[in-house]
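Chemist: Just so you know, the protein sequences line up as chains G and V, in that order. Counting from 1, position 282 in the first sequence corresponds to residue 305 in the numbering used here; the numbering is continuous, with no gaps. Counting from 1, position 30 in the second sequence corresponds to residue 53 in the numbering used here; the numbering is continuous, with no gaps.
The set of hints was computed from the structure by calculation and includes no laboratory data. Hints should not be assumed to be uniformly reliable.
[Said to hold, decoys possible] Covered, in the sense of this in silico footprint (three residues per stretch, anywhere, with C-beta under 8 Å from a C-beta of chain V), are these stretches of chain G: (1) 124-132; (2) 139-152; (3) 209-222.
By construction, the Cβ of each residue, glycine as well, lies at the ideal position given by its N, Cα and C atoms.
One letter stands for each residue in the lines below.
2 protein chains.
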Amino acid sequence: MHQNQQKFAVLSGGVGGAKLVLGLAQILPARNLQVIANTGDDFDHLGLPVSPDIDTLIYTLAGLANPDTGWGRHDESWNFMAALSELGGADWFRLGDRDLAMHVRRRDLLAGGHSLSAATRELARGLGVQTAILPMSDAPVRTHIDTADGELGFQDYFVRLRAQPVAQAIRYRGADKANAATDALTALQRPGLTGIIISPSNPWLSIAPILAVTGIESALSDCPVPVTAVSPIVAGKAIKGPTAKLMQELGITAGVVGIAEYYKNIIDGLVIDTQDAEHRTTIERMGISVAMTDTIMNDLTDKTRLAEFVAGFTAELRAAS
Amino acid sequence: MHQNQQKFAVLSGGVGGAKLVLGLAQILPARNLQVIANTGDDFDHLGLPVSPDIDTLIYTLAGLANPDTGWGRHDESWNFMAALSELGGADWFRLGDRDLAMHVRRRDLLAGGHSLSAATRELARGLGVQTAILPMSDAPVRTHIDTADGELGFQDYFVRLRAQPVAQAIRYRGADKANAATDALTALQRPGLTGIIISPSNPWLSIAPILAVTGIESALSDCPVPVTAVSPIVAGKAIKGPTAKLMQELGITAGVVGIAEYYKNIIDGLVIDTQDAEHRTTIERMGISVAMTDTIMNDLTDKTRLAEFVAGFTAELRAAS
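Could you put together the complete structure from these sequences and hints?
Modeler: Below, the structure written as structure tokens:
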């Protein structure tokens, strides 16, 4: 099979991005797929380093993800949380009994001198995940939201306060001082790379922090292979409740044209949904190649089919260049 | 009921001591019972502050203790531990899902500026325990064992290495620099106190660390009320496997006479089991009053009965003084 020879680096956030990553993992040998994960949503909770997007990627690839919530593990138990709640501990961020082990073990590895990259490698290996999950940086980068109530950490704003405060701006705290992790940069500069794929995660919340760390955007500019993105938005509708509110308050036009605008200096190609066909010409006028398909991924067949489509489109762009 | 007017301060370690404390809690109003807990077995594990004896006391009084293990909670689940093990984390110290909340919450409270005394008060309150559980000190004291393989933390020696290394000495690290906690000292100096009871915990492992912190032993000497101890040993047999090995290697004669020798400068009275009647005279010759009864506590009736006996004996000593 031809695609087995292809090699991709993928920039990804959590849920939406992880779906495409899972599809790519079906069509590529593990060593040919490397995923650079957003760590902007990371935070310290109850003394534990929580990395939501890394964990969603690992759980998804390990077949342990909870499809209903988009976070945590399936077949989870909540006895820790119930007991913590009884003791007056913070219970707004739900940590399942099994999921908790991930954060405790990560703390342990970091305290033992592991970088976040090395710790993530250990955690993924422990759950049998062979695809490389690479944190964008080993230094802390924290997505914050400036709101009418002051600056808030992302989880604090999004989970604890349910995105109620009116948002004014997004900040990627620490990004200016954070270098891209060596493994992440190496993945982007890998010899024989077919292309770089930007997964269908929210550009402003999940991909922007990756692009903000020192070294990533220049690696994308310098790379000799095509960069393609997959739109996470279909007919302006794929963004859910609180995220839609956030986008609106920030004046972001969350449609495929807005995404194309946002990515136009970085990408060579954009995969959009057939429902957005009307925007094709507008996007192509920005100098972006467009490919159209059904981008909604409900089951593994959808994910695999979209992965094949994106891989094929990227390979075509490479052949044409 | 007369005993409701009595007030006691109790020095206690974990399992054995907690049994008598539970008995005392049956016969006294909560405000008349204050328990000074050994923290020499405390340790930092996976970044969490674990206080085994405090937790055993709280769980016992909350009706949550696991009677089979002597530690942790009954009706416990182990999903965290299984997941941690899968991730290559340390699994030699078993932390149940519900029990884990105790340590996470304690870390949270300590990180928030609470003393161990204040944190313990919060944790006990959270589980509905009204009896005051008072850590012997807010400063760290750590029981270490000098062994043929070097100096080891107590849990490391006892749990991880199953007391295999040959023991040479016990040290109470930090005790010389640790002051007794204010609440603990206040309990010993309480106006109207009937007496101070040393619970049937292992003298060398559980009571000695309490006595080693600055202020406790002088408070016992200075107090105008009787101090009575309850022997944890019956016919030389109540000490279990690894503890018996430890005692033997340290040259400690673990019988009621050895206990009387160890406590003789501190106590006024000693409660021994009727099976140890032959040693009564030897102990009385040390200037210690002896009371004999069945000291084995299998069920709540045994615990309550022994508590009544010890309380009565202590009150008699006070009346006679």
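Chemist: Please go over all the hints and tell whether each is borne out by the structure.
Modeler: Hint check results:
1. Chain V is given as covering the segment 124-132 of chain G, and this holds because 6 residues of the stretch bring a CB closer than 8 Å to a CB of that chain, at least three being needed.
2. Given as covered by chain V, the segment 139-152 of chain G passes the check, having 4 residues with a CB less than 8 Å from a CB of that chain where 3 are the minimum.
3. Judged by the Cβ-Cβ criterion of 8 Å, the segment 209-222 of chain G is not covered by chain V as claimed, because only 0 of its residues qualify and three are needed.
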